[in-house]
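2 protein chains.
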Amino acid sequence: MSDGARLLRKAQAKLSDPAAAAALRVRPDPADPRLTRQVEGVDETGQPILTSVVTERPLTLYLNSQEIVTMMTIGDHPDYLAVGYLLNQNMLLPDDRVTAIDVDEELGVVVVRTKRATNYETKLKKKTRTSGCAQGTAFGDLMEKFETVRLDSAAVLKTSWIYALSRRINAIPSLYLEAGAIHGCVLCEEDRPLLYMEDVGRHNAVDKIAGYMFLEGIPSQGKSFYTTGRLTSEMVIKTVQMGIPILISRSGFTAWGVELARQANLTLIGRAKGRRFVALAGVERLIYDADPRGVEDEDRRHGRKGEEG
Amino acid sequence: MSDGARLLRKAQAKLSDPAAAAALRVRPDPADPRLTRQVEGVDETGQPILTSVVTERPLTLYLNSQEIVTMMTIGDHPDYLAVGYLLNQNMLLPDDRVTAIDVDEELGVVVVRTKRATNYETKLKKKTRTSGCAQGTAFGDLMEKFETVRLDSAAVLKTSWIYALSRRINAIPSLYLEAGAIHGCVLCEEDRPLLYMEDVGRHNAVDKIAGYMFLEGIPSQGKSFYTTGRLTSEMVIKTVQMGIPILISRSGFTAWGVELARQANLTLIGRAKGRRFVALAGVERLIYDADPRGVEDEDRRHGRKGEEG
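Protein sequence lines, in the order shown, are assigned to chains V and B. Numbered according to our numbering, the first sequence spans residues 753 to 1061. Numbered according to our numbering, the second sequence spans residues 753 to 1061.
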């Protein structure tokens, strides 16, 4: 994007919906110099250019004395990311007390300390030995909890909210608009975005929201979840584990994501762009209060760029 | 996408470039019934619809007697995926001989057998014990090889090839056009796509190409790599390890991806859509033989949909 186009877009964003933007408790901070870097290159005509690219740095997570994982992240909220990751992996339980979170930015290390001497450490060791890979074990753990969650069956989703959320989220200044190559996840309430997190990995953006909700005491009651990314099994599992009954995306579905959403009675909305969307699970929560013909189709200039993850 | 629009798009694709399509040794097979599923849902007006979604299934990989990892994949080329994964993780070396690959589709298991009794098994055990997570260890292993690779400094990239590749790849029938929510990677030679693999995870699509090249004896000499996904550190590392000196993407960059590309002298082209692109590393391989003003900008109807991974 040229500087002129970017400034114009930012100005539009600021004017478009000040009330909605003000209600945001957490929003992307595209002006934070740690999150993007100016890089020299050339364009299609061979002219030198300067462009913004998103940073991506390793962060190694410890739970008490146990090294858990090294994540690649933009690095804006290592505390929320660490706690959210542990929660979503069921290594931290909802009644655990976090006594300290120590972040060393230079070393790229975050240590989460809990009151209860975690037996997750032993659990992790045992599982690692049997499967040889954290990806496999994480998956086993995730499913254990997934099957016990009961989502709020009284929750509703008005179609006017879907349109309002898409419009508002598209208008919030973000790293996406600044530099692209990033995913956004937004915790919402009715037609209002509340928490907007971005990261190079979609899973990190979700985990940061989970960590924020846990540490700041935000209940999942009455919330919905919006993501720029695809509705894969992983996204569905995390949303269900967080107790959120509604998941909305601009992008498409995978078959297993749909299957799991149906199992858990999660309302799953995909391909939500302009007036269009498709619901493939939990459709009974939908209330059709908006006339799609009154909704503008997304224009290339004002919509988010197609940015393939 | 409506059935009408899809058929029209397929017809256009077939007509548009038969020679280029014929040169493809491997292409997506959107007609394979195992790869997509028809799912019922509702659209924005509450009307019932039937839509295609991509399948996603677990595949557990064994190297000889050692369980290595469980991957989520569309499942079209478990043999290439398995071998490519092992190569890209440096668990299989270029001079290793694969004696058998056994696939059990029902169990979701693939076993790669090698002639040399692999000491990678011991290596894996040791590494897993020290770090507690395969993500961390994989990363350590990847970097070891990365630093020893010398990419062909005589390779060139004509800008006319970038435009021709984008146009041709956009016109090839694919799961992406059929169902969305998938990533594509394409091995290319000058202006011709050779191998086109898709998968739910970008890393799987790359690994399938690496496995095919190894098993079918395709050298990396004179090749370039095209991806629909972002130019992250992971993509750069894998491309460099495969010995391919040029990486092109429709999507954006991360700062660490750019840094690694510069270290390895990889030509890195991003945001390649219509007439536009940006080169942020290895720009000396570029030859400006096309006039960008003569290239049509991507139209919404004929370009690939913005599908955010």
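Each hint should be verified, as a subset may be incorrect.
Identical copies carry no separate label here, and so any pair may be met within one copy or between two of them.
[As the list claims (entries may be wrong)] SDA-like, lysine to any residue: derived pairs with alpha carbons at most 25 Å apart:
#1 Lys1025 <-> Pro782
#2 Lys897 <-> Lys910
#3 Lys897 <-> Pro810
#4 Lys910 <-> Thr797
#5 Lys1025 <-> Thr797
#6 Lys1025 <-> Asp831
#7 Lys897 <-> Arg786
#8 Lys867 <-> Ser905
#9 Lys1025 <-> Gly953
#10 Lys867 <-> Thr851
#11 Lys867 <-> Ala783
#12 Lys867 <-> Arg779
#13 Lys1025 <-> Pro800
#14 Lys1025 <-> Pro925
#15 Lys1025 <-> Asp1049
Read the hints as simulated data drawn from the structure, not as lab findings.
A quick look at each hint next to the structure:
no.: 1; hint: Lys1025 <-> Pro782; in the structure: both (24 Å within a copy, 24 Å between copies)
no.: 2; hint: Lys897 <-> Lys910; in the structure: neither (29 Å within a copy, 53 Å between copies)
no.: 3; hint: Lys897 <-> Pro810; in the structure: between (28 Å within a copy, 19 Å between copies)
no.: 4; hint: Lys910 <-> Thr797; in the structure: between (48 Å within a copy, 12 Å between copies)
no.: 5; hint: Lys1025 <-> Thr797; in the structure: between (33 Å within a copy, 14 Å between copies)
no.: 6; hint: Lys1025 <-> Asp831; in the structure: neither (33 Å within a copy, 37 Å between copies)
no.: 7; hint: Lys897 <-> Arg786; in the structure: neither (36 Å within a copy, 29 Å between copies)
no.: 8; hint: Lys867 <-> Ser905; in the structure: neither (34 Å within a copy, 56 Å between copies)
no.: 9; hint: Lys1025 <-> Gly953; in the structure: both (22 Å within a copy, 23 Å between copies)
no.: 10; hint: Lys867 <-> Thr851; in the structure: within (6 Å within a copy, 52 Å between copies)
no.: 11; hint: Lys867 <-> Ala783; in the structure: neither (37 Å within a copy, 55 Å between copies)
no.: 12; hint: Lys867 <-> Arg779; in the structure: neither (30 Å within a copy, 54 Å between copies)
no.: 13; hint: Lys1025 <-> Pro800; in the structure: between (35 Å within a copy, 19 Å between copies)
no.: 14; hint: Lys1025 <-> Pro925; in the structure: both (18 Å within a copy, 23 Å between copies)
no.: 15; hint: Lys1025 <-> Asp1049; in the structure: both (7 Å within a copy, 21 Å between copies)
Hints 2, 6, 7, 8, 11 and 12, counting from the list given before, are not met by this structure.
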